[in-house]
Each structure stands twice: as structure tokens, then as C-alpha cells.
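Using the sequences and the hints given, assemble the complete structure.
In order, the protein sequence lines correspond to chains A and B. Take 1 as the starting number for the first sequence in our numbering and just add one per residue. Take 1 as the starting number for the second sequence in our numbering and just add one per residue.
Keep in mind that the hints were calculated from the coordinates and are not lab data. Quick caveat, the model's predicted, so the values are computed rather than measured. Misleading hints may appear alongside valid ones.
Stated by the list, open to error - Restricting the straight-line Cα-Cα distance to at most 25 Å, the calculated cross-link-like pairs of lysine to any residue (SDA-like) are:
hint, chain 1, residue 1, chain 2, residue 2
1, A, K558, A, T569
2, A, K162, B, T89
3, B, K194, A, E138
4, A, K162, B, P94
5, B, K190, A, E138
6, A, K162, B, R92
7, A, K212, A, H122
8, B, K194, B, A49
9, A, K558, A, A481
10, A, K633, A, S440
11, B, K194, A, R542
12, A, K162, A, R557
13, A, K558, A, H122
14, A, K162, B, T80
15, A, K162, B, H98
16, A, K162, B, K194
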Amino acid sequence: MNHATRIALWFVWLAVIAATGFWVARHLTINSDLRDFVPPPQSADQRLLLDEIGNGPGSRLLLLALSGAPQARLADLSRGLDAALAEDPAFVRVANGSADLANIAPDLLPYRYLLSPTLDAHRFDAPYLRAQLQQRLEDLNSPAASLLEPWLRSDPTLETLKLAQRWAPQHPPRTFDGVWFSDRGEALLVAETRAAGFDPGAQAAAITSLQKHFAALPGAAAVHLVISGPGWFGMQAARHTRAEADRFGAITTVGFVLLLLIAYRSVVPVLVTALPLLSGAVAGFALLALVFGYAHGITVAFGFTLLGVAQEYPLRVFSHRRVGVPTLTCVRELWPLLATAITSVCIAYLAFLASGVVGLQQLAVFTIGGLVVAGACTRWLLPRVIPPARRDMAATPGLARAWRFLAQLPRPRWLPWLVGAVGIVVVALAPGRFWQDDLSALTPVPKAELARDARLRAALGAPDVRYLLVLRAASEQGVLALSERMAPHLRRLVVRHALDGFELPSRYLPSIATQRARQARLPDRATLDAALAQALEGLPFRAGVFAPFVADVEAARKLPPLTPRHFETSALGARLEAMLVPCAGPPRGRRGEAGNEKPCWAGLGTLSGVNDPAAFAVLAQDTRGAVHLLDLKASTEALIVAYRQRILVALGVAALLLAGAVTLALRSPRRALNVLGPMTLATLWVLAVLRAAGIPLSLFHLVSLTLAAGLGLHYALFFERRTGNSAEDLRTLHATLVCVASALLVFGVLALSSVPVLRAIGLTVALGVAFHFTLSVLMAPAGHLRREA
Amino acid sequence: MRRSARALVWLLVPVAALAATPDLAQSLIVGMGQTPPAETPFIQVSYRAVLDRPLIASGTLRWLGGERLERDTTEPFQETARLGDGELTVQRGPGRVHRIALARAPQAAALLTGFSALLSGDAAGLERDFTLSATGDAAHWVITLAPRTRELQQRIASIVVDGRGHAPDCLVLHDANGDATFTLMGTLAKAGLKDAAPAQAALAARCQAGP
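Shown next as C-alpha cells:
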């Protein structure tokens, strides 16, 4: 094959990768919804957590604060931002204190006598009406008279105002110029995104849109916009992690290129070494697009990590080439071993396919597809692209000495036993938690931001993101009735300072029973006319002024009660919709859960300032569990635990499959033990070091351990190989050293990261590579390395 | 009291009017440089379409300095209303404080705008919202504010201030719906009302005639 053909083929290869990549970018949607990546929910609360609360109230709130200008300016900007966000479909609601609720929901006004609690305690009789009318006269004397006058004729008892107050925040911040301000003089706003709190991608899009709106406001440049809330934290964490990964990626790329140049003294490896891995990655993505149509963000991250083993394939080829022998021939000799490694790992990953979790199935499809394609490219494409070898890596200066050094190391037979025993003892006895199930601990929010969030949350009376009050009943009306019954209990908890505030679904919509009871207390026209005439005696109101009031009361007597469906079409509908959800309805989206249980609805009460979670136990007891406090953090962690257990089972099965595959491929249990022994002990030792360092294990550690084991499999397989040829053994050592050095470089740098998740991956893989290499050398079959010495 | 009442003129008399009639401007501006708090008694008489006779209230108006104004009503009931910081707060008797954003109460906001514009000498600010005209002389002047914007026009027809020398006597807020609120101040307020339910025309004549 001549030079021109090779270059042409190289270009074609690149072009195919680029074209596939382009196709994937257009056809594969990356989904960041956590629901696709965790196992099906086990408990009712978990189901609620996944199906509804991700879309629920607290987690979708963004708290905004404007500062750095005179208050009047900030108030203008607050109004501008409020108006812009109100138009933005990414936001369900925005509030800055200026809202005139009575004007927001005109469609609810006819229902005011059914919605307002006035009639629970009063009747529209002469004494009550007279007292009300006297107050209205005083109102007409006040400077606010003009506000009231438009309502007076149809609503002299001011039910509209009572509803507006009922629906307004309970502890609003102080206002200046009609908008909310904090004690520090920041203008405050709350925005609720349409996107679920669990969907960092959509949250980030909403936040970006918000920032764009703000930047477009006149004079916004001089004003500082602070955003806080779960969506913001998620976005910041992702951005910080990506920035750090990019920075470290740049450093390690330079290092890796230098390493290749030094190891092979040629630019060819630099130009082609990434191609098999890239081919594998785009093929993996294309498979995901074809099979699933979408991929979860975590699948992509984990999959890329696991695919890292494929980086070794081309390095092995470069190290094993010989001068004067066609590369294709060398690769053909190497192939059985590479194929064994690839097949074994792929068989092992089949375990993930059977896990029953979409995210893990995607991971298996991506990794298996990627590894097979990367292997195939290495076997059939790579040799046709690279020019013939000009030097034999076996002749690398110092390599022979390194070989002798390694060969002369003592290899006592008891060493594996000692290593294993020490590992087990440390893993078992090290103090501290074994698992880290709080995923947010891996992408921590800076303390200053947390403190600011708490401050803004308190100032705005915004709901707690950790706790929710769940009210369960067989129907929506049952939930609303339960919610009405619970309101006084919760008010008592507020008085006792167990919590600062609450919002129940019945705050917006009373049950039909309550509405009917209020309706029944509305007087008929004749009775009302008589009561009104008596009440008006001696008051300066003109005759007939309240005719619209009489007509509205009469109309309200005949209205069909307001249903949740009807209420949800109103301007305030989104709020009720988020608080009143089916809890065991038909399965939503792609989740494969059967929904054949009895009907169940859940009311989600938001709580602010939960000071004493234990105080809610009484509510749960009194209602036999129908009402209980849901700790989102605990529930999420329980989900992660369930998820981790699935992964552990999958990994256990994978390990068994791997052992079987290796045994089968090597056709000897003894040889298989030579390969699997060092792998097992090295993995044990990584665990031991992490445990001894007091690092609790997370999912990311598990994935990293798996990658390290994949790399370790290569080291052990190649050291175990009997070639009977010392030059070939030197090439094996060369290849392994380059692989170990590059892995240590990439992951060792990552271990220095300030982001815990990157540090977890880096540290685990780097430690793993070091242990796998060392143990592979020390546990290589007796006489195997020594023979050449 | 005359000096205090003069201070309140800045609440009610737009500086821009001074520009329109320079003589008047000179004589009115003398009252500037007051130190808060300044106060005057007031009597408010409102004529409203829903009522068959006027509502009367009285008490004390206070300028607290800056953009803040307080109205203490003592008759026929106890009420304290404060205007400033973009909101109107009303507390009746010992009851809870009601807060209303001035953005939602244009009539109350219009009063405060005039006041703050005067104090800051921001005639242009006032002219954004109102067309100003002045007639008369130092012995009796009348300044009329007509709203410019359609929004304000939907709520307010005009504001008319009658005064003598450095002191305003009477401010009439004509709502767009025909309601009218008369506020008598200074000597005119001290003199009191002769009639328990004065006709609107009679009261208007009294504002013109002065104390």
C-alpha cells in the first residue's frame, strides 16, 4: 500500500467519523432527566419523587436578587424582568411583589363567594353587611379610595381583596416602589421554570434565557443579577466541572502527545492514535440513537470513561510493530489477545443489559458497540493507514534493563495471599461510611452560595427544597378535603415555630363540599335585598348602588362548584396543577411501571423554614400516613442506594461473565487465574486505599474501578502471554509502560482536581492502574518473566 | 403655621408652573428651604357618585422630609396614612397596616410625584406626567395640572390648587369618573366648614374666595 493511498484512507476515515458524528449530533438527544437513569421506584414516595416532584414546585424555583444601583432603578429593572419573564414560555410564573392578583384571575371572580372563607364564619345578614359598609365609608375617606371604588358596587364585602391576600405570599419581603426588596436593598424576584428541577439541561436553558432577558433591559449592565436555587446550582456545578475537565484535558493532551513522541519517536502515532477511540465513540452514539433515540447525560459521561480502555489498542499496535514486517502481520499476531480482552469485557458488560435500568442498558450498548468498533478499527483499518515501522520498540534504550529489573523482583508465593489479606482487613476495618449516596456531595455548592440561598429564601418566604408535605387520598376532592382539615394543624405548627410557613392545595381551591356549604349560606335575592336595605339605613350610599352585588350573589348561588380542571385553566392554574398530582396513575413517559393499583391522588404542600421535622410525625399518626412529611434528600438517597445495588449486582454478574470468558479464551483455569488474580487483588487494594483515606464510595468510584479493571485485564493478559521470544516480550513491556504512563498521566492529573467527582474518577483510575501494573508484574507466572533474565 | 403650610405647597404646587409664570415663581419659591417636619391641619371633603352626600374627614398633614408624607385623620375616625418609598400604608385605629403599591394607586402617586418633583426641583419630571398652567397673582393664584398620559387620564381629570401668597388654601383632585376630593389646608382648614354637608359648588366658591 503506497503512501498516497494511506493518506487518502486516513482522510476517508476522518471523514466517516466526522459524518457519523454530525449525524449523531442531529439524531441523538441528550437527556438529563434523572428519571431515566435510576431504577424503577420501589416505594410510593419514590414514585412520587420521580414522576411528579421533579416537576414539582420547590425544585423549579429560581430566586433572583438585583443589586448595585439606587432602589428606584432596581425597581424599574425588576418590573422589566418581571414583564420579560412573564412572556417567556420557559417560565410558568414570575413574581416581584407588583402583582395585582385581583387583576390576574378575572375568570375566578364569579366564584369569589365559593372560594373565599368569609361565609364559613359569617352570613350576609344586616348586621354583618352594615359593619362592612361602614368600613367601606372609612375606606372611601382614605387615600386608597380610588383603588377600592371600582369594586365597591359589586363586591362591598371585598371578597376579591380577601382572595388576593389569601393567594399572595404569606410573609412577603418589604416593598419599595411596589416591588420586593431585601433588607440589604436588593430587588427580589421569584421565577418558576416550566422545566423539571431534575432536568439540568432544561434548567440551564431557562437560566440562560433569563440572563438574556435581563441583559436586554436598559441599564442592566451596571446592575448585578444574582440567581439562586436548585437549577442554578446544578448549572454552576456542571459548568465548573466541565471547565475544570477541559482545563485538565488540555494539559493531559499536551502531556500525552509528548509521551507518544518520546515513546515512539515519530509523529504517526500522534496523528492516528485517537482514531479508533473516536470511531468507537461515534459508533456507540450512533447505536444509542438507533436503539433508544436518546441518551442520558450520565450514560455519556460513564460510557466515555469506560471506553477509555480502547485507547490502549492502537498503542499496543505501535509497540509491537517490527521493522520489515508489514504492520498487518504484526496486528494479526497481536489480535487473538486483543480480541480476548475485547470479547471478555463486552461479555461482561452484557450484565448491564439485563439490569432493567434504561440508563445502564444504554451504558452497555454504548460501551460494547464502542469497544467492538474501536477494536475492529485497530485490527483492520489502523494497519492500512500507518506507514511501515522504521524502528523496533524492543530496541528502545533502557527497556532491556527495565525488563531485567522487573524480572529480578522477588516473587514469593505467599505474596498474593498477604496482599489479599491486608486488602480485606483494611477494607473491612477502616472507619467511616462505606458509601456516598448524596450525589450532590460530589458537586458541592460553595458555602457562600448556600448561605446566600438561605438568606434569599428566608427573605422571600420561598419554599424549602428539601421537605414537602404529601397528602394522599383516593380522589382529587379527597386531597382537597384533607388539605382543608390539615390547614389548622399546620397553623398550630407555625405558632409553635416548627415551621415558618406553608401552602396547601386548598389555599387555592376549596373542596366541592366546602364550596357547596358556602353556597348554601348565600341568601336568596329577597333575603339579601331586605338585609341590605336594613344595613344601609342612615348611611350615605345612594339607593341601588349595590345592585351588581345582589346580582353576583344570586349568580354565585347557582354556579356549579369550581373543579380542579376548571381552576387549572385560570391564571393561577399552574400553581394548583403543581400541587395536585396523580400518584399511581398510568405510567408516564418511558417508565415501564404498571399502573394497575387503585386510584390515588397526592397533594403536595410546600413548606418554608422547616425547623422541626419531627413535629410532623403527629400529622402522619393522626391521618394514618395519609399526610406525611417527605424528605426529598432522604428519598433521593434511598433511590441512589437502590440504584447502586443494581449496579453492584450487574458488576458482580459482569465479573463472573468476565472470569468465564477469560477461562474459556485461555482454555486453562490456571492461566485464567494468572490473569484474574492480579486484577482482583488490585481492585481490592484500590478499595483499601480509598477506605483507609476515609473516602466514601460513590457511583463514580464504581465506574472508575471498572475502567481500571479493564485496563488491568490488558496488563495481566499481555504479561501472561507466552511468546518464547525475548524481543516480543520487550515490545509487550514497551506497550504496557506506554499505556500505564499515559493512564497515570491522564487520571493522575484528574486526581488533582478541585471538583470531587473528577477527583474521584482520577484518583480511582490512577491508583487502579498503578496497582494493576504492579501486581501483574509481581504475579506474572513463575519463570515467565524470569526465563529471559 | 403659615411657614409650615408654605412647606406643604411644595407637595402641591409644581415648580414647572413657576417657569410658566415667573413672577409667581419668584414669590412661591421663597417658601423653599423649610426643614422637615412641617405640618398643617386639613379638611377633606369628597364627592362620590356612590354617595348621596359628601364624606368629610379632618386631621393633620405632615411632610416628613424627602419623599415622605403623612396624613393623620382624627375625625370621624382614627387613621394614619403614609406615602413614600413607592407605597401607601394605611393603618386604621390599632388595626393592621395595609400596604398598597403606589403603582396601583395613581391618585395617591400623583400627589407624591408633585411633592417630590418640587423638592428636587425636577420640573421636567412633573412635566412628563402633567401639563401645567397657572393664573392669577400673588393675592390669589390657581395652578392646574392636567394629566398627559392616557393611563393617568383614565384615572385623573385634573388637579387644581388655589393659594394666596406663599400658602396653598385648597387642593381639588378631580377623578376621571366625576368624583372630586377637596382638601382644605392652613387657615382655610382652621376656619372649618360652615355646613355639615356643603354643596360641591359652594365649596369650590369658598376655595376661590379664600379665608
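Each hint tested on the structure:
1. At most 25 Å may separate the alpha-carbon atoms for a hinted pair to count; K558 of chain A and T569 of chain A meet this at roughly 21 Å.
2. Taken as a hint, the K162 of chain A and T89 of chain B pair is honoured in the structure, with Cα atoms around 17 Å apart against an allowance of 25 Å.
3. Using a Cα cut-off of 25 Å, the hinted pair K194 of chain B and E138 of chain A holds, with the two alpha carbons roughly 22 Å apart.
4. A threshold of 25 Å between alpha carbons decides the hint, and for K162 of chain A with P94 of chain B the separation of about 20 Å falls inside it, so the pair holds.
5. With a CA separation close to 22 Å, the supplied pair K190 of chain B and E138 of chain A stays within the 25 Å bound.
6. Our distance criterion of 25 Å between C-alpha atoms is met by K162 of chain A and R92 of chain B, whose separation comes to about 17 Å.
7. Straight-line distance between C-alpha atoms of K212 of chain A and H122 of chain A comes to about 50 Å, which puts the hinted pair past the 25 Å bound.
8. Taking the CA atoms of K194 of chain B and A49 of chain B, the gap is near 23 Å; set against the 25 Å cutoff, the hint holds.
9. Between K558 of chain A and A481 of chain A the alpha-carbon distance is near 22 Å, which keeps this suggested pair within the 25 Å criterion.
10. A distance of roughly 10 Å separates the Cα atoms of K633 of chain A and S440 of chain A; the hinted pair therefore holds under the 25 Å criterion.
11. Proposed proximity of K194 of chain B and R542 of chain A is supported: the alpha carbons are some 24 Å apart, at most 25 Å.
12. Straight-line distance between C-alpha atoms of K162 of chain A and R557 of chain A comes to about 19 Å, which keeps the hinted pair within the 25 Å bound.
13. Proposed proximity of K558 of chain A and H122 of chain A is supported: the alpha carbons are some 20 Å apart, at most 25 Å.
14. For the hint linking K162 of chain A to T80 of chain B, the alpha-carbon distance of about 22 Å falls within 25 Å, and the restraint holds.
15. Taken as a hint, the K162 of chain A and H98 of chain B pair is honoured in the structure, with Cα atoms around 12 Å apart against an allowance of 25 Å.
16. Between K162 of chain A and K194 of chain B the CA atoms are separated by roughly 39 Å; this puts the pair beyond 25 Å, and the hint is violated.
Violated hints for the displayed structure, listed by number in ascending order: 7, 16.
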